[in-house]
Amino acid sequence: MKTKIPDFVKTNQFGLLLLVIVFVLLFTFTTDGFSSRFNIYALSRVVAIDIMIGLAMMVVILTGGLNLSLGALGVSAAMFGGWCMESMGIPISISIVLILLFGSLLGWINGFVTVKTGVHSFIVTLATMSIYFGFMTLLTEAEAFRKLPETFTDFGSMKLFNKYVSPLLLLSIFTCFILFYLFKFTDIGRKLIAAGANPDAAELSGISVNRMFIYCHMLSGFLAAVAGIMLTARIGAAIPSMAGHLGFDWLLPAFLAPVIGGTLLSGGKVTVFGTMLGAVLVTLINNGLYLIDVGEFWVRFFLGLILLFAVLLDRAREYFTSKNSIVS
Amino acid sequence: MNDLLKKDWFGLGIVIIFGSILISIFKPAFISPFNLYVLMLSVSLMLVVAMSQMIIIAIGQMNLSVGAIGGLVAISFTGLMEVYDLSIFLSMCIGLGIGVICGFINGYITVKTGISAFIITLATLYIFKGMNLGITEAQPFYDIPDAVKYFGNAKIFGPIPFLVIIPVIITFFMWILMNRTTLGRYMLAYGNNVQSSELMGISSTKIVVYAHIISGLLAAIGGMLVVCRLQLGTPNIGDSWLLPSFAAPVIGGAILAGGKVDVIATAFGVILVAIISQTLVIFKIDPFFVQIFLGFMILIAVFINRYREYREERRNKVFSNE
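So the sequences go chain by chain: A and B.
Quick note: the first sequence uses the working numbering, first residue 1135, plus one each step.
Quick note: the second sequence uses the working numbering, first residue 106, plus one each step.
Think of the hints as simulated: they come from the structure by calculation, not from any bench.
Take these hints with a grain of salt, some might be off.
[Claimed, not checked] Simulated DEER-style distance windows between Cβ atoms:
no., chain 1, residue 1, chain 2, residue 2, range
1, B, A362, A, F1148, 54 to 60 Å
2, B, I206, A, L1160, 28 to 34 Å
3, A, R1324, B, A362, 26 to 32 Å
4, B, K311, A, Y1315, 47 to 53 Å
5, B, L141, A, T1285, 37 to 43 Å
6, A, P1283, B, D190, 30 to 36 Å
7, A, L1446, B, M305, 48 to 54 Å
8, A, T1165, B, D190, 39 to 45 Å
9, A, G1223, B, I265, 55 to 61 Å
10, B, S301, A, L1338, 21 to 27 Å
A virtual CB, placed ideally from N, CA and C, is assigned to each residue, including glycine.
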């Protein structure tokens, strides 16, 4: 009497995909302009950055920690990039390499301090958040870099596929595939997961857990720097306040995407495509809330509620799957 | 004397005393009545906020929504008085009630779902802040009764502000709670080791919910004190509380894994942070440096705590070998 359900239907990603489809249909039929070319293009630019932010947080959540300094780090890297390109006149390609190195360096500081003090990365990144952001504001004197090279800003406003999609989104999807490959098929990726899942066991089997944790933080800094570059390209300028005070505007998408996507907060489990779908869902809902006109001041309220429901739903799913597995 | 040296607050106290003497030698303006008045005001506001965070650190969790609760209560308090013409006392009671409800929501969801308090309070941070912005549409309430304004400005005698009374009472009660009551000891036991505290028969639900309720209540008081101080209710009250709320307990030697907090050391942490921020202002250093400094102070405190733990471990090892 039991019908066989394919395995992928039970996964979190499948549920997410359904939700994304439901929301797309809902918004297409209930609001004007959701499926317009302009809105889809705008969505693709936003979602690209949300995916990158989500991935940057995901790789730290893997260690069982978190990175509060994500926004501050991303903005600092972007401002550094603006300085390189505008004030120093360094060519774009070299600038981008420098930005990525800079982001990784800031990530390394987070990781190094966390590992050396043995304190939860929350408090370390809380401190580095204000340090990075403070130095950034101090050095830039809160001035934006608005005269970036045109080839760089043109990339941000380029339109592909019949003007529906921004190249930024392709970059994010490409990054997803690389990370998927890293965690699934490479030696170092498996080590990172092992270190996050059970540090003691990993240490006993000869993995340097501390080094792995530092790598995770460096990767997070790297991805945050990528997000910073993308945001700069999208806006066409590097602005100190582009992620809000202390980079706090990035934190909600940063946590929402991996958590909705099924990444365990206790560490040791990553879902790259879950995070991607999570980011898509968040952007969709955000966009839909504006389109159905709940009022811009209530958007935050609803996003908070959605995060709450997402984690509760996830907990319920876990509960039912564990119950089912006991029965069968 | 040896016992005294082991206390967390002792070292901090010495740093504060010698630091203050040193600063006042270089800049006599530091001990001017006006400066002391400003210093005490900032200490009294941050003291309440730090206590609100400290009690959650005691049970091994964190509360990101402290500032959001404070802001929501602040605008409710002023809004009720301005728009609905309620009496000060009634508005205050409703404000405290909102703080308790917010805390209850945080605690209840955290303990019933077993999801990390970080994520729950991040969600409620957005919910409370969103309600705040939705209600006010980012506009402040200006019409504050004179009695409230007076309370925020009056001085008891000399440079001592009236406002300082409430935080001092709160600190006293917090000390009693953490050191002299069963509830406080249970909270520390829970923070230290959840499993063994449950095996001892301590109800997790009760402990976590109570801790969050107290945290919400203190955040509410903090929000209303800021209203008295600023003489208006702006929606962005509480936005900048996150960093200092963690800084003071951590500098005071609290261990974030839970189970160890020190009320007096946290209070000293608040004073130290206030003195340093004030000094940077007196020496006309860029205000953004204050932020950087706070960040560095947290890191230094974390390193010192780690070093002390390490020394303790080594000492224990020597004893166990004998």
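Checked hints:
1. B:A362 / A:F1148: 54 to 60 Å: 37 Å, violated
2. B:I206 / A:L1160: 28 to 34 Å: 32 Å, holds
3. A:R1324 / B:A362: 26 to 32 Å: 28 Å, holds
4. B:K311 / A:Y1315: 47 to 53 Å: 48 Å, holds
5. B:L141 / A:T1285: 37 to 43 Å: 58 Å, violated
6. A:P1283 / B:D190: 30 to 36 Å: 59 Å, violated
7. A:L1446 / B:M305: 48 to 54 Å: At roughly 29 Å between Cβ atoms, M305 of chain B and L1446 of chain A fall outside 48 to 54 Å, so the hint is violated.
8. A:T1165 / B:D190: 39 to 45 Å: 40 Å, holds
9. A:G1223 / B:I265: 55 to 61 Å: 58 Å, holds
10. B:S301 / A:L1338: 21 to 27 Å: 25 Å, holds
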